[in-house]
Structure formats: C-alpha cells, structure tokens
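A.B. asks: The chain contents come next:
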Amino acid sequence: MSVPDSAGRFGPYGGRYVPEALVAALDELTAAYEKAMTDEDFQGEFHRLLRDYAGRPSLLYDATRLSAEIGARVLLKREDLNHTGAHKINNVLGQALLTQRMGKSRVIAETGAGQHGVATATAAALFGLECVVYMGEVDTERQALNVARMRLLGATVVPVTSGSRTLKDAMNEAFRDWVTNVDDTHYVIGSVGGPHPFPVMVRDFASVIGVEAREQCLGLLGRLPDAVIACVGGGSNAMGIFHSFIADESVRLFGFEAGGEGVETGRHAATLTGGSPGVLHGARSYVLQDDDGQTLESHSISAGLDYPGVGPEHAWLHDTGRATYASVTDAEAMAAFELLCRTEGIIPAIETAHALAGAQRVASELGSDAVLLVNLSGRGDKDVATAGRWFGLLGEADAEGPGENLNPDA
Amino acid sequence: MSSGAAFVRARGEDRAALVGYLPAGFPSYDGCVAALRAMVAAGVDIVEVGLPYSDPVIDGPTIQAAADVALRNGTRTTDVLRTVEAVAATGAAVVVMTYWNPVLRYGPERFARDLRAAGGQGLITPDLIPEEAGEWLTASDDNGLDRIFLVAPSSGDGRIASTVAECRGWVYAASTMGVTGARDATSAVAPALVDRVRAATDLPVGVGLGVSNGAQAAEVAAYADGVIVGSAFVRRLLDADSEQAGATSVGELAGELAAGVRRQRSDRR
Ligand SMILES: Cc1ncc(COP(=O)(O)O)c(C=O)c1O
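Protein chains in written order, with our numbering: chain A, 1 to 410; chain B, 1 to 269.
Hints may contain errors.
[Claimed, not checked] With a straight-line Cα cutoff of 25 Å, these simulated SDA-like cross-link-like pairs (lysine to any residue) come out:
#1 35(A) to 156(B)
#2 35(A) to 144(A)
#3 35(A) to 267(A)
#4 35(A) to 158(B)
#5 35(A) to 101(A)
#6 35(A) to 7(A)
#7 35(A) to 137(A)
#8 35(A) to 159(B)
#9 35(A) to 127(A)
#10 35(A) to 48(A)
#11 35(A) to 131(B)
#12 35(A) to 45(A)
#13 35(A) to 157(B)
#14 35(A) to 52(A)
#15 35(A) to 128(A)
Everything labelled a hint here was simulated from the structure, so no lab data went into it.
Isolated chain A (complex conformation) (with noise of 0.2 Å):
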C-alpha cells in the first residue's frame, strides 16, 4: 500500500480537518508543492539555499567517546550544525520559497522550543516577508533567546495566553490567523502534522536529512545502520531522517517521545505511547485526549516536544509496526544531555537529548556491534538557562568561580 493517498491519509490517519474556509487556501497549496518537486527551477533554488545559505550536507559525526560510554557506535547527523541551529530550516526554507511562487506575501507560525520560530523569521527576513509568529506564554519564558532572536529578526512575536499557554495553544491562534488573512497569508506549520499536504509535504522538505544521512552512512561504514533514532515531537525530525531508509527492512526506526515525569504520572507528551487516535489540528492521528475527545494539556521540559499530538504518518508507521516508538523521562533526558555535553562537547537541545536517551536503551538492545544512527536535531543554546537550572549551575557557578581563584594557598 502506498501512503499517503492523493487526500493526503496514511492508512486511516491524516486527512482534512479544517473548516472550510481554508480548503481553497490547502488546494492551492497542495498544487503548488505538486508542481514544486518535479520542477526543476524550484529544486535548484531550494538545493542552492540549502548548501549555500542553511551550511548543507550537515556533517555526519562518529561519536566515539559518546559510544564507548553507552556501548554501541553512534554516528550523530549534525542537523544542529544548520544556519540557525536545528533541522527545521529545511522545511522553512521550501515553504518560503513557495509563499514566494504563490504570490503570498505573509508568513505566519507556530512554535514551541522557538527553533521554528527562528527558522520562519529568518526566511522571512531573507525573502523580504512580513513575519508573525505564535508561542505560548509558557514558552516565551522558558524559551526568552529565541524569543529574542525572533524580534531581531523583524518578526512579531505573539505570546498566547489561552489554554495550555504551549505550542498546543499557538497553533490554534495560529489557525485563527490563517482563516482570517488567508488571502496574502502562508501558515508555515513546523512539523509533519496538520491538514494535507503539510504532513506530506513538510516530510519531503526535511527528508533531505535521510537522503544525506544515508549516502554518508554508507560512505562512511559501507552498508547501512541497524537504527535510526531521533526524537518525536510533531514528528519532523523524526519523518526527515526516517523517510530514506522505511524501504530498507533491515534497518530499525525508533522514535522518542517525551515521556515528562512519566507516563503513569499522565503528566507527559508522550501522544503514540500514551494517546488515542483522534484529530486535532486538522489531521486524525493520535492524540492526548480525555474520554470526551476534550485535548489533554502535555508536559515536558522541552518545550519543542511539549504538544497532545503527533504527524499522521508516524501513527501510521506505530500501528504498522515500521517503526518502534517509546517515551524518554525529564530526567532520563536531563542525563543523556549531560552525556553528550561531557563525552562530545556538543550541548544538544533538550529536545535532542530525548533521542539521546532514547539511543542508549537502544544500545542496549541492539548490542556492542551495532551502528546506531542518531538525529542529532538542534543545539542547545537556547536551553541553557533551562538546564543550568536542572543541574543548579548558576547560582554555584558564580559563588564557586571566583572563590577558587581568590584563594591564596591555590
């Protein structure tokens, strides 16, 4: 079976669920990214800005202190490495080349981490786009850098104040947007979710992650890996690096979702390991959701995995068993973070860590002699203030700093 069908549904999952109003707005949509992949100007262009302006190829980085310490070789895919530090520029790239074609002259988004929020202003910026972003309240604070970075960057940033105060929240506010500007307004959605052709759509921007990966895992050890992990959030990443490698069977794929204080707590974001299926933001996928098809509000640490839903196709390849998806604890990711901050000196995004994580208990699984493919999707940064707080570092590191320094019989 091939998916998604020209409506845009894995199996049962996916579809339109939207009102009205944007339909037209997804048609032309959809007929413009039809036309975009077989045609040779568009590909050119989004290729060229990809090398020359986003830094692609992103290297592929044999981890090997990072191995030793969890017992199986990890190459990581450097999608952190990318022009403003996450793998979401890919997909914004293709969007706002699109915008461009269709005439559209506004940007609209939603964001959670704030690393889609960069990426859309700073198309934005670099098409000459009028630019406004959604965040919710919760993670305009927990996320103030990229909030920052945003503005810099000419764009409006929208603190949402309704509901969860998350990424959840944006989203809807930034549907209101849409179904009112719809005119001369592109809603570049961040990950594989909402209505068709996004989930398809935003797959085939950032597959270029697997294309690359793939070539270079088998430059690199002469076949192919035993898994490819990343972290799952609307499941972007996850789409991008998995998508090259569903036909190879002997390959795994294991999505990380963010399992907070637990799943048995309820208080998580894991939406594959602990949701239903049901629709929310215009696809039928799973979602976290109460008895009443009321959405439950999500909770982890990371504010880009902080969301009840999930792509359509990664509920597809879940019921399907393609892929293996499990959920990665606050404080399970907390800890691979430090592992790779310490074995590596690369600070990932905590959104990362969770694939981090989620890598170990593959290696355990997997074994010694087995090469562990690992989406390494953004950099830490904008969490540093986040995880000095984890780790308590900032009121110690000022006291003890100075204090060693001063001392006379050091």
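Starting from the known structure of chain A, fit chain B with the ligand onto it as the hints suggest.
C.D. replies: Relative to the frame of chain A, chain B with the ligand by itself:
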C-alpha cells in the same frame, strides 16, 4: 422532523428564520438551558447547542471564553445531549454545533442515536468537510439527522455544489473569512455567496458570523433564509450579573433579532 422545516415555516410567513447559538454548560448547565428557553420564547426558530471543545480553532475570543467556562464547569458530552433534550421539550428545533473530535470519541453512530433520542435534529460541523465525513454520512442517514456543512466565500462553485449535495436540512454560509465574533458591519460578500449556494441547491441557506443586532439581522434577512447569531448571545451572558439577568438579556436580544428578521420582508412589500 428536520430542522429544515423551521425554515419552511418561516418562509411561509415571508420572513427569515432566526437561529440562536450558545455552548452547553455556559454559564452553567441550568443557566444555559434557561437562556436557550428564553431565546425560544422570544422567537428563535432553531437552537444551536454548542459542544464546548478545548481547541476551538474557528472561534473568536468571545466563544472561546464561554467554552472555557463550560469546560471548567465540567461539562461533558452527555450534558450537551441533556441540554438538547431540555430545549427540544419546548418544541423548538434543536441542532448541535460541534468540532469533530468529541463526536469521533463518543462514536459517530452512538452520538447520532443519542442525539436523535434527545430530540435533536442534526449537526453543524465546522471542522468536518464532506470528504472526511464518511462515518457521519452513514450515521446521519441511519438516524435521519440533518447534516449542516459550511460553505465559505473562498469555496469555488464546484465545491459549493459538492458540499450542498451532502447537506440535509439547510446550508450554513459563513459570511466572512474569519473566526466567530460580533462585527460592526455585516459582510459585503455574503449576498454573493448566498446567490452562489442558491444556484446549486433548493435547500435553505443560513448566514452566520457577526450579526449582533436587529438592524443587522434585517439586513441579512433581506437575502438569506436564516440569520445565525452566536457571539452576541454569549456576550449578553458574559456581561450579565447573574444567570437570571443573563437569560433575561438573551431573551431581549432574541426579541430584537426576531423583529429584525420580520422587518425586512414586510418593508419590501
Ligand atoms: C531541536 C528540535 N528537535 C526536535 C523538535 C521537535 O519537533 P519535530 O518532532 O517536528 O522534529 C524541535 C521543535 O521545536 C526542535 O527544536
């Protein structure tokens, strides 16, 4: 009985029908039922009971605020059905307006059965388009319920034709591009949209989004078969000091709107 019959009756009186909305459980279960009864007493023909939902992407701040209150009050899907039953007992036509996920979760077939049993006549589905509505088409057929899909100014003629072909009872024309909320001016594009719907179907056309007073109701009644009012009723309840005062205020607005939908047609004579 179909909620379309209320339009036919209004047409027989040479006027537009008046459709009034409130979310169940707002300001409380009883307060909502009292306000809806006051609406009916003052001349609302069709009551739309809203199912309050956590992520109402096509609602503006007023209805969002009401849905928040209703959910914080612990309003359940079964309370929505109880509200339908309480209002249907007045003899008014009652439909439910709901985002799709709560129905999907309840089970479309079971929801349709329980809605029918409560005396409800159909469903308005703001985020369900006919392409995705397979389960609902079946459940509504099985239970003889109206299917009120929406058309919008951005809908092409082809889509209008295919959408109204799946409607039963009446058609909901969203008259502006945007979220729900009272507006000063009614939409200039609405009459053209209604004309395009009429070219595709004989079903009555209700126009919604933005009407808040008798003059606007009269204006819309001049070209539409029904005038749909939501946010303005919610606003009356949000501004009231007590539930009783709220119900009175809702009744007053309904009276003004009911006079409005009668005014234009008689003026035309
Ligand atoms: C670095 C990074 N990784 C992962 C994610 C999660 O998104 P997705 O699952 O779409 O890749 C985010 C989202 O903000 C992010 O910033």
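A.B. asks: For each hint, tell me whether it holds in the structure or not.
C.D. replies: Status of the hints after comparison with the structure:
no.: 1; hint: 35(A) to 156(B); verdict: holds (21 Å)
no.: 2; hint: 35(A) to 144(A); verdict: violated (38 Å)
no.: 3; hint: 35(A) to 267(A); verdict: violated (43 Å)
no.: 4; hint: 35(A) to 158(B); verdict: holds (22 Å)
no.: 5; hint: 35(A) to 101(A); verdict: holds (11 Å)
no.: 6; hint: 35(A) to 7(A); verdict: holds (16 Å)
no.: 7; hint: 35(A) to 137(A); verdict: violated (38 Å)
no.: 8; hint: 35(A) to 159(B); verdict: holds (22 Å)
no.: 9; hint: 35(A) to 127(A); verdict: holds (20 Å)
no.: 10; hint: 35(A) to 48(A); verdict: holds (18 Å)
no.: 11; hint: 35(A) to 131(B); verdict: holds (23 Å)
no.: 12; hint: 35(A) to 45(A); verdict: holds (14 Å)
no.: 13; hint: 35(A) to 157(B); verdict: holds (24 Å)
no.: 14; hint: 35(A) to 52(A); verdict: holds (24 Å)
no.: 15; hint: 35(A) to 128(A); verdict: holds (23 Å)
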